[in-house]
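Based on the provided sequences and hints, a complete structural model is requested.
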Amino acid sequence: MDSTTSGPEHNNRAPRRVHEAARTALLLCALLVAGCTTKEVIVVGNFPAPLMEPLPVALGVWYEPEFETHEFFDEAKGRADSTWIVKTGEAQVDMWSGLLNGMFLRVERMDGKPAPEQMNPAVDAVLIPRVDELQYTIPAHTNVKVYEIWLRYAFELVTTSGEPIAEWTMTAYGKTPTAFLQSDEEAVRLAGVVALRDAGAHFITSFLTVPEVAQWMEELERSRTPTAAL
Amino acid sequence: MNRTLSTTKNLFRSVALLGATMLTGGCVTSTVDEMVFNEPIEGIGDATVVILGRRHASDYDTEFDFIECIAKHIVARDRSIEIIDEIEFINSMYPWFEPRTAPLRPADIDRLMQQQPVADQLAALKLEYMIWVDGSTVQTNSAGSMTCGVGPGGAGCFGFGTWGNEADYEATIWDFTDRAEVGRLNTTTSGQSYMPAVVVPIPIIAPVQGTACDGLGDQLLEFLSSEH
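In the order they appear, the protein sequences are chains A and B.
First residue of the first sequence? That's 1 in the working numbering, and the numbers climb one at a time after it.
First residue of the second sequence? That's 1 in the working numbering, and the numbers climb one at a time after it.
No lab work stands behind these hints, which were simulated from the structure alone.
A hint or two may mislead.
DMTMM-like cross-link-like pairs, simulated, lysine to aspartate or glutamate; straight-line CA separation at most 25 Å [unchecked claim]:
(1) K72(B) <-> E86(B)
(2) K87(A) <-> D132(A)
(3) K77(A) <-> D184(A)
(4) K72(B) <-> D46(B)
(5) K87(A) <-> E53(A)
(6) K145(A) <-> D59(B)
(7) K145(A) <-> E170(B)
(8) K39(A) <-> E53(A)
(9) K145(A) <-> D46(B)
(10) K72(B) <-> D134(B)
(11) K113(A) <-> D132(A)
(12) K39(A) <-> E66(A)
(13) K145(A) <-> D168(B)
(14) K113(A) <-> E53(A)
(15) K145(A) <-> E98(B)
(16) K145(A) <-> E186(A)
(17) K145(A) <-> D65(B)
(18) K72(B) <-> D33(B)
(19) K145(A) <-> D134(B)
(20) K87(A) <-> E64(A)
(21) K145(A) <-> E86(B)
(22) K126(B) <-> E53(A)
(23) K113(A) <-> E66(A)
(24) K113(A) <-> E156(A)
(25) K145(A) <-> D61(B)
(26) K145(A) <-> E166(B)
(27) K87(A) <-> E133(A)
(28) K87(A) <-> D33(B)
(29) K113(A) <-> E219(A)
Computed footprint of chain A on chain B; a stretch qualifies when at least three of its residues, placed anywhere within it, have a C-beta under 8 Å from a C-beta of chain A [stated by the list, open to error]:
(30) 28 to 39
(31) 47 to 53
(32) 60 to 66
(33) 83 to 93
The following label-pair restraints were derived from C-beta to C-beta distances [unchecked claim]:
(34) Q121(B) <-> I42(A): 51 to 59 Å
(35) E218(A) <-> Q121(B): 26 to 34 Å
(36) T137(A) <-> C27(B): 29 to 37 Å
Small disclaimer: the values here were computed from a predicted structure and weren't measured.
By construction, the Cβ of each residue, glycine as well, lies at the ideal position given by its N, Cα and C atoms.
This is the structure in structure tokens:
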């Protein structure tokens, strides 16, 4: 590299220059760091149980460790920006557990990821939710006085031995307007709660419209009717 | 002599009152349009009403506190009207009144009623009218500048600021028994607020949202109450 030509063996004053440059770089870094702030949001909320007739299914649910501790990290791009950490893991588990318990006749939390050798409670199928993507906007980004959170989920419905039944994706969106004396963090937290509620609403209204799920439900129902035993 | 003193006192009181009014409130202009039919002439009896805000637009949400303000306005003037709290209602009906799933037309209620737990819950609430409020209050303009400083002798501000607010709300009344729209009310309110500052900033706030709340609340009260 060309820069090696200004190394110690070529110039005696170089170490001093390197020191000065390092000091300046450090100072600049310190200034840059001092200009940025980290905003941490832990999404927590009360999620109501769904008002519906439960589907006649014994469903298992497996939360991957990444799902249970899901967090979104967005590093500041400039001095005027803030670094954002949005933690949704705990709220995700809270919301999905409540939702699934109200949506299905019986819900069991799996001991391990469904696989041929894995011992798990006996259920009709196992749902594995995953957060594929999280995006957020604040008024500083868009000039619109709304805080938004957008989530994309990926779901896998598998048998207890891990064979796939259905795979699909789903989006959820939450927004909250700016309010007097409301911090950015509080507004993003509220938008997160709205997004999670929307995820629940979207899941309930779309679950049976996934073709593979609808087909599996039909087969499940057929297998339970007395004629199927004949 | 006594009479002159009393007149001076009254004049002073009037000027002070006028000054106080000017200080606390900017100018507000409000227009209310109304179109209702099938009004419950004898009131709504022991049935209940729910007022809900529309929140499915991309750039605004009808404010929760505006809905609460209308409900409080109505109940304060006719205690016989029972209004279900909006958040309580939305939570008890989850997920059927979320922005994604909320019914947009009265005919959508039939679709909701096909779910037995939803039908049972609505029957238990004795819901007669569902009122949807759509709109928001926005800042339309702002001008002026203000400088504030702190010194050893104290702190103070100097300057002048002004901003305008506009509130535009529409309330749609659905008759739950007949599954029909029975009224539509609209209010548009605008006002200019001022903040002169000579050492201390003095806000002269135009109560735009409050006036819109009163206007819509009065019209809804007229519709729902047998006493108004």
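Here is what the structure says about each hint:
Distance check on the hinted pair: K72(B) and E86(B) sit about 12 Å apart at the alpha-carbon level, within 25 Å; holds. As the CA atoms of K87(A) and D132(A) are separated by approximately 14 Å, the hinted pair is consistent with the 25 Å bound. A distance of roughly 17 Å separates the Cα atoms of K77(A) and D184(A); the hinted pair therefore holds under the 25 Å criterion. Using a Cα cut-off of 25 Å, the hinted pair K72(B) and D46(B) holds, with the two alpha carbons roughly 18 Å apart.
Between K87(A) and E53(A) the alpha-carbon distance is near 32 Å, which puts this suggested pair outside the 25 Å criterion. Proximity of K145(A) to D59(B) is assessed by CA-CA distance (about 8 Å); at most 25 Å being required, the pair is judged to hold. Among the hinted pairs, K145(A) with E170(B) is consistent with the structure: their alpha-carbon atoms are about 21 Å apart, no more than 25 Å. Between K39(A) and E53(A) the CA atoms are separated by roughly 41 Å; this puts the pair beyond 25 Å, and the hint is violated.
Between K145(A) and D46(B) the CA atoms are separated by roughly 41 Å; this puts the pair beyond 25 Å, and the hint is violated. Restraint check for K72(B) and D134(B): satisfied, since their Cα atoms lie roughly 18 Å apart, inside the 25 Å limit. A threshold of 25 Å between alpha carbons decides the hint, and for K113(A) with D132(A) the separation of about 18 Å falls inside it, so the pair holds. With a C-alpha separation of about 21 Å, the suggested pairing of K39(A) with E66(A) holds against the 25 Å cut-off.
As the CA atoms of K145(A) and D168(B) are separated by approximately 17 Å, the hinted pair is consistent with the 25 Å bound. A threshold of 25 Å between alpha carbons decides the hint, and for K113(A) with E53(A) the separation of about 28 Å lies outside it, so the pair is violated. A hinted pair counts as satisfied when its Cα atoms are at most 25 Å apart, and K145(A) with E98(B) qualifies at roughly 21 Å. Pair hint K145(A) plus E186(A) holds up; C-alpha atoms about 14 Å apart against a cutoff of 25 Å.
For the hint pairing K145(A) with D65(B), the CA-to-CA distance comes to about 17 Å; that is within 25 Å, so the pair holds. With a C-alpha separation of about 21 Å, the suggested pairing of K72(B) with D33(B) holds against the 25 Å cut-off. Distance restraint check for K145(A) and D134(B): the Cα-Cα separation of roughly 17 Å lies within the 25 Å cut-off, and the hinted pair is therefore satisfied. For the proposed pair K87(A) and E64(A), the alpha carbon gap of about 15 Å is at most 25 Å, so the pair holds.
With a CA separation close to 23 Å, the supplied pair K145(A) and E86(B) stays within the 25 Å bound. Pair hint K126(B) plus E53(A) holds up; C-alpha atoms about 21 Å apart against a cutoff of 25 Å. Proposed proximity of K113(A) and E66(A) is supported: the alpha carbons are some 13 Å apart, at most 25 Å. Note on K113(A) and E156(A): the hinted pairing holds, with a Cα-Cα distance of about 12 Å set against a maximum of 25 Å.
Of the supplied pair hints, the one linking K145(A) and D61(B) holds, its CA atoms being roughly 11 Å apart against a limit of 25 Å. Restraint check: the Cα-Cα separation between K145(A) and E166(B) comes to about 15 Å, which is no more than 25 Å; the hinted pair holds. Among the hinted pairs, K87(A) with E133(A) is consistent with the structure: their alpha-carbon atoms are about 13 Å apart, no more than 25 Å. Annotation: proposed proximity of K87(A) to D33(B) is violated, straight-line Cα distance about 46 Å (limit 25 Å).
Between K113(A) and E219(A), the direct Cα distance comes to roughly 24 Å. Compliance with the 25 Å bound is thereby established for this hinted pair. Check result for the region 28 to 39 of chain B against chain A: violated, 0 residues qualifying (beta carbon to beta carbon below 8 Å, three or more required). Restraint check on the region 47 to 53 of chain B versus chain A: 0 residues with Cβ-Cβ distances below 8 Å, three needed, restraint violated. Only residues whose C-beta sits within less than 8 Å of a C-beta in chain A count toward coverage, and the region 60 to 66 of chain B has 3 of them, enough to reach three; the restraint holds.
Residue count for the region 83 to 93 of chain B with a Cβ under 8 Å from a Cβ of chain A: 3. That meets the three needed, and the coverage hint holds. Against the hinted window of 51 to 59 Å, the Cβ-Cβ separation of Q121(B) and I42(A) comes to about 32 Å, which falls outside the hint. Checked against the hint of 26 to 34 Å, the pair E218(A) and Q121(B) passes, with Cβ atoms roughly 29 Å apart. Roughly 35 Å separates the CB atoms of T137(A) and C27(B), a value that falls within the hinted 29 to 37 Å.
In the structure shown, a violation is registered for the earlier hints numbered 5, 8, 9, 14, 28, 30, 31 and 34, in ascending order.
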